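*Asks:* Each chain, written out:
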Amino acid sequence: MPSIIEMKSISFHYPGREVFRNLSLSIEEGEILGLIGPNSSGKTTLLKLIDGILSPQHGEVLFQGQNLRSLKRPFLARQMAVVPQEMDLPFAFQVREIVLMGRAPYLSRWGWETETDWSVVHQSMALTDVAELEDRPFAELSQGEKQRVLLARALAQEPRVLLLDEPTSHLDLNHQVEIHELIRRLNRERKLTVLNISHDLNLAAEYCHRMVLLRQGTIDSVGTPAQVLTEENIRRVYEIQVLIERHPISGAPRVIPIAPQMAEMASPKRTVHIICGGGSGADSARRLLLRGYQVTLGVLNIGDTDQRIGSILGLSMALEEPFAAISGRADQANRELIRRADVVLLERFPIGRGNLANLKAALEARKEGKRVIVIQNDPREDLTGGEATRFYQELKDRGAILIPDHSRLLEAIEAPGV
Amino acid sequence: MFQLSFRKWLIWMFLLAAALVIVGIVAVSLGAVSIPLSRTVWILLGLGGNLSPPIQASEATILWDLRMPRVGAAMVVGAALALAGSVLQALLRNPLADPFVLGISSGGALGAVLAILFGLGATLLGGYGVAAASFLGALLTLFLVYSIARREGRVPTATLLLAGVIFSSFFSAIIMFLISITSDERLFDVTFWLMGNVGNIQPRTVGVVFLYLLVGAGVLLGLAKDFNLLSTGEETALALGVEVERTKKIAFICASLITGAVVSVSGLIGFVGLVVPHWVRMIWGPDHRFLLPASAFLGAMLLVLADTAARTIMAPLEIPVGVITAMVGAPFFIYLLRKKGHALYH
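Same order as they appear, the protein sequences are chains A and B. The first sequence begins at 1 in our numbering and counts up one residue at a time. The second sequence begins at 419 in our numbering and counts up one residue at a time.
Pulled out of the complex, with its shape left as it was, chain A reads as follows (with noise of 0.2 Å):
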């Protein structure tokens, strides 16, 4: 099938966050294409990416084969149409004003709405079930109406490419089903392309051809539901323990998250110290702490993203000076917290000159027999010139645990001794 929309390594970055970096994707003409990934994943950025609502720095969107700064808005309008996840309203429309708006494109600068876009409104109202809300001021709708409204003006403006931002997030079991039923239907009958962004990972595997699963700004991966609904990929992005079933009649994959299981596991009381700096730590030391763990932290910079968020958090933490190497004195507080903790866990993060003490209590700790947990380091963030990595490996050769990434943290620390 021929691609309508085509992204061509595009990177695209707020001011001071990047949030794409070389990004590719292509759209077919009639499929009904699922958008998955966690929070801050960048699925909203790339859907205003697709309808120019934002320009990449780098990189060119086209549609069709032109790119999009090319061609005008309202002919763009009449293309593509977007479903935001909400919009608030300073003055009283009313509902059958806001999917009216849905005709703009169509019309010229003095001219008015004809027969046709009347019928054209009233026909999408019928659809999404809000024919009988078409005198009530926008605003007051519950926020499922509004997903409702904001839908029927999208198909007023009878586009090619629809674009859904989390359509149903709002919605009833009933109207959640309906609204997809709708969606693949006019995919069916009027070959509307559908680009849909889901936190509803079951309901998207029903529903979507083919399905592109965001990473931190990256695609991950991308193609059927079933091959991109795996407990290895979800493991991966989501960082979570999943079992992968199939629905018992449409077969799709369904996604059974099993991580809640694995509270029974922990055993509180338990003290865990985690060695990290820059931010690498924050996220393991408040999963723990919510599992019921112990958690200190060291050495970290006083001012580092980690040592604010372990003061919040009111943690013990070993401290030196701001943007200061390790000191005698901070190694030996670190090395203090070590002994105390029942395991110690080893972030990734750069290591330099500076902070090479930290692995140093850290293969000191193994070889007092603790258990150590290693997050798999990077080579690239080895500042010592080979001298870290030598660590690493000294670490792994003495029976550290080395996981990958922090899905399956928990059963590291609880697998029976080492």
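None of these hints come from the bench; they were simulated from the model. Heads up, some of the hints might be wrong.
In silico DSSO-like cross-links for lysine-lysine, where the CA-CA straight-line distance does not exceed 27 Å [what the hints assert, rightly or not]:
1) A:Lys48 - A:Lys8
2) A:Lys367 - A:Lys269
3) B:Lys667 - A:Lys72
4) A:Lys72 - A:Lys48
5) A:Lys360 - A:Lys370
6) B:Lys667 - A:Lys48
Since we're looking at a predicted model, the values are computed, not measured.
Got chain A; can you put chain B on it based on the hints?
*Replies:* Just chain B, lined up with the frame of chain A:
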């Protein structure tokens, strides 16, 4: 509820225009020398030949030379303020916006105050000195506010609003300073100008300002549908086919030029630009194709009535018209807010 169609639009515009004409005629008939309404109509139509008692030359002079220019000025100023107010409320998505919110008017006021204090009023441009200096001040401010708010070719409304508010307070401070060091009769001129009035406007200046209003209103009315979409948010408007940045720039500049022109001849007349668009929205809904022209008509009527009251209530003493608009406008606005406000603000 009211649903707009082109037919309804046309009928309402006709009704509003007719109402404005009636208000205008009533206004010119009232004054220190009261001329009965029917007599006023005949004289204005030039068909007063058969009237008894016969028309006196002074009657025609009072109607045509004294009151008509003033009523005309009130119409133009009221219409322009209400129009600019409704446009800025849509663009800034803020029901509290008015024509003065971007600081353009403060710049204009500073220009006028300087002209008065340096005695340029009578010497420069044959009596038009204050108006010219004020308009220049407004243009300079527009340029300053706009350049400061600009970021990479875009004009974010938040920065625009902030820049406007900052300039507004800065210029107000300078005006306060100038007033505080002035102690002669010029102080009265400055204060009177700042309070706003339409009594001293030359007929020819009314014509110039009317021209500004006409062109500006034409351009803005052509953007009315875009304002509907913009008031639902800039991203939504973009997705629905509005060239957002271009529309915003044109609209800001138009609204600012109209405001600057009006302030330069009338001073700071408050409340019309803030309140009238709300009245229209409460009665007929928020569609800008209706809101813009209806606000202009109602603004014109409101200011004509207010100015008539200003010159008759305590005659021969004249009250600044801005005082009247605020005194009448505020309670009426509160009444509407209590009665219909629930559908407007959440």
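*Asks:* Starting from Lys360 (chain A), check that the Cα of Lys370 (chain A) is at most 27 Å away, please.
*Replies:* 14 Å, holds
*Asks:* Can the restraint linking Lys667 (chain B) and Lys72 (chain A) be considered satisfied, given a maximum Cα separation of 27 Å?
*Replies:* 18 Å, holds
*Asks:* Keeping to a limit of 27 Å between CA atoms, is the pair of Lys72 (chain A) and Lys48 (chain A) held or broken?
*Replies:* 16 Å, holds
*Asks:* Quickly compare the C-alpha distance for Lys48 (chain A) and Lys8 (chain A) to 27 Å and report which way the hint goes.
*Replies:* Distance ~15 Å between Lys48 (chain A) and Lys8 (chain A) Cα, so the pair holds.
*Asks:* Would you mind confirming whether the straight-line C-alpha gap from Lys367 (chain A) to Lys269 (chain A) stays at or under 27 Å?
*Replies:* 24 Å, holds
*Asks:* Could you grab the alpha-carbon distance between Lys667 (chain B) and Lys48 (chain A) and see if it respects the 27 Å cut-off?
*Replies:* Holds, because 23 Å separates the two Cα atoms, which is no more than 27 Å.
Checked against the numbered hints given earlier, the structure satisfies every one of them.
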